[in-house]
Amino acid sequence: SQTIHQWPATLVQPVGSPLSLECTVEGTSNPNLYWYRQAAGRGLQLLFYSVGIGQISSEVPQNLSASRPQDRQFILSSKKLLLSDSGFYLCAWTSGVSYNEQFFGPGTRLTVL
Amino acid sequence: AQKITQTQPGMFVQEKEAVTLDCTYDTSDPSYGLFWYKQPSSGEMIFLIYQGSYDQQNATEGRYSLNFQKARKSANLVISASQLGDSAMYFCAMRGGDSSYKLIFGSGTRLLVRP
Numbered sequence: 001s002q003t004i005h006q007w008p009a010t011l012v013q014p015v016g017s018p019l020s021l022e023c024t025v026e027g028t029s030n031p032n033l034y035w036y037r038q039a040a041g042r043g044l045q046l047l048f049y050s051v052g053i054g055q056i057s058s059e060v061p062q063n064l065s066a067s068r069p070q071d072r073q074f075i076l077s078s079k080k081l082l083l084s085d086s087g088f089y090l091c092a093w094t095s096g097v098s099y100n101e102q103f104f105g106p107g108t109r110l111t112v113l
Numbered sequence: 001a002q003k004i005t006q007t008q009p010g011m012f013v014q015e016k017e018a019v020t021l022d023c024t025y026d027t028s029d030p031s032y033g034l035f036w037y038k039q040p041s042s043g044e045m046i047f048l049i050y051q052g053s054y055d056q057q058n059a060t061e062g063r064y065s066l067n068f069q070k071a072r073k074s075a076n077l078v079i080s081a082s083q084l085g086d087s088a089m090y091f092c093a094m095r096g097g098d099s100s101y102k103l104i105f106g107s108g109t110r111l112l113v114r115p
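So the protein lines, in turn, are chains P and W. In case it helps, the numbering used here puts the first sequence at residues 1 to 113. In case it helps, the numbering used here puts the second sequence at residues 1 to 115.
None of these hints come from the bench; they were simulated from the model. Computed from a prediction, not measured in an experiment: that's the story for all the values here. For glycine and all other residues, C-beta sits at the position ideal for the given N, C-alpha and C. Among the clues, some could well be false.
Said to hold, decoys possible - Distance ranges between label pairs, derived from CB positions:
| # | chain 1 | residue 1 | chain 2 | residue 2 | range |
| --- | --- | --- | --- | --- | --- |
| 1 | P | Glu26 | W | Lys70 | 35 to 41 Å |
| 2 | W | Glu15 | P | Val15 | 19 to 25 Å |
| 3 | W | Asn58 | P | Pro106 | 27 to 33 Å |
Said to hold, decoys possible - Covered, in the sense of this in silico footprint (three residues per stretch, anywhere, with C-beta under 8 Å from a C-beta of chain W), are these stretches of chain P:
| # | region |
| --- | --- |
| 4 | 44–57 |
| 5 | 67–74 |
| 6 | 99–113 |
Working from the sequences, and respecting the hints, build out all of it.
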């Protein structure tokens, strides 16, 4: 069966520090991968998605970036965090051929102080 | 542009009763899909149910059913026989017809089940 991992689970970082969040998927190959952010009490906003290795599409201009160095690995990064980057970051995957389901990881709660 | 609207910020329901959570959508894609997710206080997003735009029948999954009214562009979630564990945030989402399969989410409805 498929499993999606995210780490760390929680993170407290000072303003201006770098960020690296990692997401890995097991039990599937060539998935579509997604990074969403959820502000407190809000819905999810799509940040990036990837349909293959090295292929990244950005949905919202910001100081975050994403990379997909391996088929089942998706990384969210920042060189300098802003206060507004605080939130709950969720990674998700969907099969490239089955479009009727999208599964989420457990999320990373980021607080920027 | 695609848009999902959930107009109920919060809902109450008595245990064992049914509840309907509203969702309306807007898209120009002829092919699309509609999803419902549950988010308990732990934060995880739990997939509940899916409805494709060409599906003739309303989707059902256990106590969850999706009341799909294409002409009205609505995709309401019906939870039958509510349980205390159903208390959570519920999000409606839509994917378009392109191969990215990315989802657009509504703002959510917080459901509280009363004993």
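Structure-based check of all given hints:
1. Here the CB-CB span from P/Glu26 to W/Lys70 is close to 37 Å, well matched to the stated 35 to 41 Å.
2. A C-beta distance of roughly 45 Å is found between W/Glu15 and P/Val15, which places it outside the suggested range of 19 to 25 Å.
3. Between W/Asn58 and P/Pro106, the C-beta spacing of about 31 Å keeps the proposed range 27 to 33 Å intact.
4. Counting residues of the region 44–57 of chain P whose CB lies closer than 8 Å to any CB of chain W gives 6, which reaches the minimum of 3, so the coverage claim holds.
5. Note: the region 67–74 of chain P has 0 residues with beta-carbon separation from chain W under 8 Å; the three-residue rule is not met and the coverage is violated.
6. With 9 residues having a beta carbon nearer than 8 Å to a beta carbon of chain W, the region 99–113 of chain P meets the requirement of three or more and the stated coverage holds.
Violated hints for the displayed structure, listed by number in ascending order: 2 and 5.
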